[in-house]
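Chains as they are written, first to last, in the numbering used here: chain A, 7 to 527; chain B, 7 to 527; chain C, 7 to 527.
Note that these hints are calculated values from the structure, not bench results.
Please read these numbers as outputs of a predicted model, since none were measured by experiment.
Misleading hints may appear alongside valid ones.
Each pair may be met inside one copy or between any two copies, as identical chains are not told apart.
[Stated by the list, open to error] Simulated pairs of lysine-lysine, DSSO-like, Cα-Cα distance not exceeding 30 Å:
1) Lys-377 - Lys-95
2) Lys-295 - Lys-377
3) Lys-433 - Lys-160
4) Lys-472 - Lys-452
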Amino acid sequence: MTGNWEKVIKSGGGSNAAWKLLKTGASGLVMLFVLLGLVGIGHAQEPPVSEATEGCLPCHGSVSPGIMYDWENSFHSRTTPADALLKDKLARRVSADSIPGHLMTTTVGCAECHTMNPEKHNDTFDHNGYQVHTVVTPEDCATCHPVEKGQYEKNIMSYAHINLTNNPVYHSLIVSINGFQDFDGASINLVDPDELTEFESCLYCHGTEVMVQGTEARETILGEMEFPVLSGWPNQGVGRLNPDGSMGSCTACHTRHQFSIQMARKPYTCSECHKGPDVPGYKVYEVSKHGNIFSSLGKNWDFEEVPWVAGKSFTAPTCAGCHVSLLVDGGGEAVIERSHQMNDRIWWRILGVIYAHPHPISPNTAIIRNKAGLPLATELTGEPAAEYLIDQDEMQSRRDRMRRVCLSCHSSQWVDNQFVRFENTIKTTNDMTLTATKILSTAWEKGAAQGLPQGANIFDEAIEKKWVEQWLFYANSIRYASAMAGADYGVFANGRWYLSKNIQEMRDWLQFKLKEDSHKK
Amino acid sequence: MTGNWEKVIKSGGGSNAAWKLLKTGASGLVMLFVLLGLVGIGHAQEPPVSEATEGCLPCHGSVSPGIMYDWENSFHSRTTPADALLKDKLARRVSADSIPGHLMTTTVGCAECHTMNPEKHNDTFDHNGYQVHTVVTPEDCATCHPVEKGQYEKNIMSYAHINLTNNPVYHSLIVSINGFQDFDGASINLVDPDELTEFESCLYCHGTEVMVQGTEARETILGEMEFPVLSGWPNQGVGRLNPDGSMGSCTACHTRHQFSIQMARKPYTCSECHKGPDVPGYKVYEVSKHGNIFSSLGKNWDFEEVPWVAGKSFTAPTCAGCHVSLLVDGGGEAVIERSHQMNDRIWWRILGVIYAHPHPISPNTAIIRNKAGLPLATELTGEPAAEYLIDQDEMQSRRDRMRRVCLSCHSSQWVDNQFVRFENTIKTTNDMTLTATKILSTAWEKGAAQGLPQGANIFDEAIEKKWVEQWLFYANSIRYASAMAGADYGVFANGRWYLSKNIQEMRDWLQFKLKEDSHKK
Amino acid sequence: MTGNWEKVIKSGGGSNAAWKLLKTGASGLVMLFVLLGLVGIGHAQEPPVSEATEGCLPCHGSVSPGIMYDWENSFHSRTTPADALLKDKLARRVSADSIPGHLMTTTVGCAECHTMNPEKHNDTFDHNGYQVHTVVTPEDCATCHPVEKGQYEKNIMSYAHINLTNNPVYHSLIVSINGFQDFDGASINLVDPDELTEFESCLYCHGTEVMVQGTEARETILGEMEFPVLSGWPNQGVGRLNPDGSMGSCTACHTRHQFSIQMARKPYTCSECHKGPDVPGYKVYEVSKHGNIFSSLGKNWDFEEVPWVAGKSFTAPTCAGCHVSLLVDGGGEAVIERSHQMNDRIWWRILGVIYAHPHPISPNTAIIRNKAGLPLATELTGEPAAEYLIDQDEMQSRRDRMRRVCLSCHSSQWVDNQFVRFENTIKTTNDMTLTATKILSTAWEKGAAQGLPQGANIFDEAIEKKWVEQWLFYANSIRYASAMAGADYGVFANGRWYLSKNIQEMRDWLQFKLKEDSHKK
């Protein structure tokens, strides 16, 4: 797994000499000369590194060896775009019809990505004569992977930053969670949160806006150099706003610098953002039969094979298997096409919403307005804002695509009955959310809490927070458990136990509060 | 790991032709002819598939390839009952003294299980001339594994459906959790849950009753065919009521269609049902020293070896190691016999009960009546309903069996001190449950909540739910942590922290409520 | 992985005979003779077992085979101290400059550790002519690993027992959690917990005091023998007080009897004590990018290599990688030295404390007194008890060491921005704890709860427990998530969601309580 280049520097006799030079800080020029000489050997067998990337490796192999080693283990370091294009359609990992000629015959190294589209990047800076940028973006990756980039743009994840911060309702949720609360001996005062807190909380997954704030000089092993100062950095959130104007971050799932399909196919990657009580996908998967099979037998599966053969490369699906990957049968024919529009096989929106509803049409959900004028896909009574949501036909198409995945291992009766249960659970969880909403509305009406009627933040008081937990945690967890057969996540592990208990506690709170209020008067 | 049969269809030149035939939907008869011809080759080296199973594979390899591949990876596809019977007693995986002759010399394939005992199965249907059933049951498996089936019948798990639904107290718990609650502006109205909700919540693990509701025609690649319509399906719960009258589901642990001993021995399998706050066995195991060793070193252990050599095949026990498996020492002598009566080495019942108590004698716990006439193994004061529970001698026998397992790696002082701590924790957790029960009883007496004295559901109000959490979550978690050395699950992770906090919150609730009530008057 | 000695006993023809002798309980003398004869063969190739250890194995291989097999898999069974000392400095696993001659040329077996320093051990007993002790301690291990023992003494973990039990404030926390609460129909009475409960709860991780309570005779396969009776045993807590007067337990991380560096480097080991809501390190790691990489790719990493090459032996750090291990770069030079003073790269104390503060100077935190005279490192207002805490220079040194680890794979801007966020989070979580403290203080002042002003236990009432959760669970979880990039553990998974909700609930409780109290009057 070691490229020829690195073999030369690190393991041979010459390698140690070169490494010592690196470490003793010999002048960049001499060092470069020695290294470039060594690199001449052996290029015949392994794909060559580009001249520009050869310029990166000597220093960065020393100052950040972990990155270099990681890249060495990547497919990018062992192949060329020209070779990648030669593969059969279903086995191809690149989706471009053609790739610019100057990139074709060398590996995909440091320079290939970090000097791509320099004119588009606000974070481009001059670095030893190269126009380098720090933040590699979907727009850069699209040079070889344009179809994936195009699909991802239709993915609700690509708007994860915008959908959160441009939606006044969700923004007030953020404030209620991340803001500072002060106590003056009687009442609580809520202050807006600072930016650094946002970066590491909501925006860690949803993505920050990465902006260039100027430049600064830093000491390096080659002397003082100028670098851009970035705010909102580091971040690999799925809806990151990038300095080239693009949205998203491929490295959220294809972790730098291996960018491995293996990692993206393993559920651990999804768990980074889909494990908490608000999005318990990974937890539910873990206790599902699928997750059990993965944990018990997965170590022998082939996570690198393209295309992926259902039942043969793996014997139970991971997150990617159901939601993203191209799957073929034993005869090599596609069961389902790959899609980086993650909701391509999802017809209901079940998470992060007050009521589950048909999936939004646009990935930009901040544009939605319900009849009450709120940026929500349903009324507070649960009625869908239908014009913004996919229709029955599109729901059917997505359900059919998922059904094709399921049928690889399950009978049609099995799958259809599973889907019927899921539809029932959509209804019952929405019903129980409506009950909680009725209690909250009563509290607002009677002034026990300050909410919509008062024009106040609807998320900052105790009973409002219990209402949020009803849909954001419990109803949601139950729907996940239903969709993925997660047993206790529908019952005692943030499931129906809490959904039912919460109603009682909301009612009790309301009664105590009304009594207290009446007493005051 | 590929059977000769499949090699022929899928990898050779003939294989592609056959596969294409399958996919293009050539007439079943022609296809069958081609395939049967191809199958003739190579049977000498690998055990043959039966003629009946040969009839299944061509279509089902196409319509549900995942199942076929999974079976190919199974031991069932690589051995015959005749060979299985030849093994040494301790190395045998079949427990029958003899197996019907017509099954002896072919592998255990589709037809062997899915056409077994057709006359007993309500779900039997005519399928291309075969009497096939969908739901394979412990009764079917008992053809080769009768001892395991017999032990499992004495296992409380086999009655998991009945114990939950036939017990009026537990049934009212289900209603309080899964039922719909409506709010009319002042009070809450509780409505019974629907069947589909039950199927995916409690009964997912406890098992559904699978019933034949009629038949229906479905379009297949061989044209329209008639199939039975099943309710309560799919399900692999441990106490499933099957269409042949049997109880349980072997595939709950031996996941279809590998039915692997490896999976059953890994803790992930148990975690499907034993991970939530009500049954945190897996979570406790994970943080125990045993779990740590398994997670850190388990990838190199031998999970297929029969018999299992304690300390050699594995260096720390999994769930199965302590509770189920046959273990031998380095000399090949049994340390402990295998038992599918999972409580064979368990003397206290610690989960799912108000007070921990000696294990019930009968796996059917719905027959128990305490002095108060309730179907509970203790009084509400904690006193055991002794006549329904194992006596001191039987407790001692079970403790001794478990002790033999422990002594493989621990000194007698180590084990005995561990057991003394566990007995102490049984007592202290029962005591803290009694305190919670006293508070609840006071609430009932004073009318702050409606419960036993009022003939009302004892689980549906806030303080009642807190009482349930005292025993079902916290006391239980502490007992698990004590039994399996799970550290924080006895303290902050649903342990004594919550056990002690809950008492304060129940008392506060009672005071607030009584004050509110007195104020009303 | 099997030592020559065991090969002879167990796998050869002679082996079975020897094993049978063991099992049939032939006289110890005959057995020993047979075995010692067999052992003569083959010593040339593999390092020999000492004569004393040869005396242990025959019986203990029979009565506790798991221990023997485990040791066989250890490095201790495959090397000698003499060989260990020959290695290059950075590759050495022993830190002693010299090791006593009589230990040099045999493996590190049973007798080497269990008969070390017999005169220091209160638990030493005569066992077949050997002065044996049960509890092997850091003092024993220091014979070969003195540097690690010295560092560990400066580690706060070594005082984990003392810091908990010798600190009156923390002791009252224990009482409030583990004590028995009785209800008399109106109020709650809190009773001190028993010792057995302590052993398996707090002291499971913090360590027990292991004491010799006398001796007793036990029946063995060699007849009746006398053994010491130990209280507080078993235990492998990090701050265990040992019968030789030493503190700590190496086996907490280097699990007996493999004592493997591989286990200590894997995060599962840390998770035994660092997973609960009070110390969620492992949970946060699991969902971090580092944890994802470990889970996805770690199975191919080299966890045994010494020294550990950052980026090459592994591509993402585990707990040990950041906090303990010696790391070298590709040229073999140290990036960071190994330290068993786990806070050597930690500058803030973020866990188990009311307010995060600079790390204590002494590992014995029970000596700290704030201005109010309480054994706490901050005032109740958050102001640090500075004289007991490391100064800015030492904070800087520790931060710099951690930074060197990070720079192996990250740019300086990446690391520095990450640290800036962390510092901000230290401040905001402390601020939110202060708000909770203000509410609690008001409750105490107004007599709604009984605390400091009343000289009462400050942890035993409902609002006090909510206050504890504010810092011990939520603020702490957020700080962990900030430090290790754990996303949802800073938001919905015990993060800011609960931190903000808790303030509202504390305020509501106070209002309800004050109303109730005013009503009483």
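State the violated hints by number, sorted upward, taking the hints as numbered earlier in the document. 1 and 2
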